[in-house]
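Sequences and hints are given; from them, build the entire structure.
When we follow our numbering, the leftmost residue of the sequence shown carries the number 522, and every step to the right adds one.
Be careful, since some hints might not be right.
What the hints assert, rightly or not - What follows is a list of derived Cβ distance ranges for each label pair: (1) Ile574 x Gly654: 31 to 41 Å; (2) Ile660 x Ser618: 32 to 42 Å; (3) Gly655 x Ser581: 20 to 30 Å; (4) Glu656 x Leu582: 55 to 65 Å; (5) Leu582 x Lys672: 15 to 25 Å; (6) Ala679 x Leu635: 27 to 37 Å; (7) Ala679 x Ser638: 13 to 23 Å; (8) Thr577 x Ala551: 28 to 38 Å.
Stated by the list, open to error - Subject to a maximum C-alpha distance of 20 Å in a straight line, what follows is the list of computed SDA-like cross-link-like pairs (lysine to any residue): (9) Lys668 x Lys624; (10) Lys668 x Asp613; (11) Lys659 x Asn590; (12) Lys668 x Glu644; (13) Lys668 x Tyr615; (14) Lys651 x Asn590; (15) Lys664 x Thr623; (16) Lys664 x Asp676; (17) Lys680 x Asn590.
Quick caveat, the hints were computed from the structure, so don't treat them as lab data.
C-beta atoms are modelled at their ideal positions from N, C-alpha and C, and glycine is treated no differently.
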Amino acid sequence: MISQPLVRKRKVCGPDLCLVGCLSSQTLRALTVVALSTLVWLSTACTTPGIKIQATEQQSLNYIRFVINKTAPRGVRSASQNQREVLSNYFDVYDESIDTTTKRERAYAHFLILGASRPYEVEVRVITEKKSGGEYKKIGVDKSHSKFLAKRLEDALAKSREDSNFVDDWRPF
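Encoded structure:
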């Protein structure tokens, strides 16, 4: 019987072959850690949290939207399709009554209703923009004005509990 020579199959790494088969397990772990930490950093670094307020159990989603529409500076500019994200019209940070749609610096309020059921949480941000080169660029979030607007919204929501309608409280029997 003629014996066949033993031929070892060699790993060949090339551009058309799978890269994972050519890397050691330590290298794969290191790449995975780097990729995951980069993803976590990007997801947290790109968001600026606003001021959150808690609505009460009695307040419906429609009523919270109604109060946001009443307290938004200069009214509502747009809302998302599900009405949980509301943007106010542009205003001046120092005087909310001034229309700054075409001014050099402007701000707008961003209201976000969070939660799947009651009690809902409302996040408030005031975002400032500056005009440069014909288009507006985001400067950042104005924390002090965000706190002011959140307090105003919280007071309006609290006042709604005090000013309940007579018909709602009246029970004939």
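Evaluated hints:
1. Restraint check, isoleucine 574 to glycine 654: a C-beta distance of roughly 37 Å satisfies the suggested window 31 to 41 Å.
2. Between isoleucine 660 and serine 618 the beta carbons are some 21 Å apart, a value that contradicts the proposed interval 32 to 42 Å.
3. Checked against the hint of 20 to 30 Å, the pair glycine 655 and serine 581 fails, with Cβ atoms roughly 43 Å apart.
4. Look at glutamate 656 against leucine 582: about 35 Å separates their beta carbons, and that is not inside 55 to 65 Å.
5. The hint said 15 to 25 Å for the Cβ distance between leucine 582 and lysine 672, and at roughly 21 Å that hint holds.
6. As the Cβ distance of alanine 679 to leucine 635 is approximately 19 Å, the hint placing it in 27 to 37 Å is violated.
7. Take alanine 679 and serine 638: their Cβ atoms lie about 21 Å apart, and the range 13 to 23 Å holds.
8. Between threonine 577 and alanine 551, the C-beta spacing of about 50 Å breaks the proposed range 28 to 38 Å.
9. For a cut-off of 20 Å, the pair hint linking lysine 668 to lysine 624 is broken: about 24 Å separates their Cα positions.
10. The hinted pair formed by lysine 668 and aspartate 613 meets the criterion: a straight-line CA distance of about 16 Å does not exceed 20 Å.
11. About 23 Å separates the Cα atoms of lysine 659 and asparagine 590, which puts this hinted pair outside 20 Å; it is violated.
12. A hinted pair counts as satisfied when its Cα atoms are at most 20 Å apart, and lysine 668 with glutamate 644 qualifies at roughly 10 Å.
13. For the suggested pair lysine 668 and tyrosine 615, the alpha carbons sit about 14 Å apart, so the restraint of at most 20 Å is met.
14. For a cut-off of 20 Å, the pair hint linking lysine 651 to asparagine 590 is broken: about 25 Å separates their Cα positions.
15. For the hint pairing lysine 664 with threonine 623, the CA-to-CA distance comes to about 23 Å; that exceeds 20 Å, so the pair is violated.
16. Of the pairs offered as hints, the one joining lysine 664 and aspartate 676 holds, with about 18 Å between alpha carbons and a cut-off of 20 Å not exceeded.
17. Annotation: proposed proximity of lysine 680 to asparagine 590 holds, straight-line Cα distance about 15 Å (limit 20 Å).
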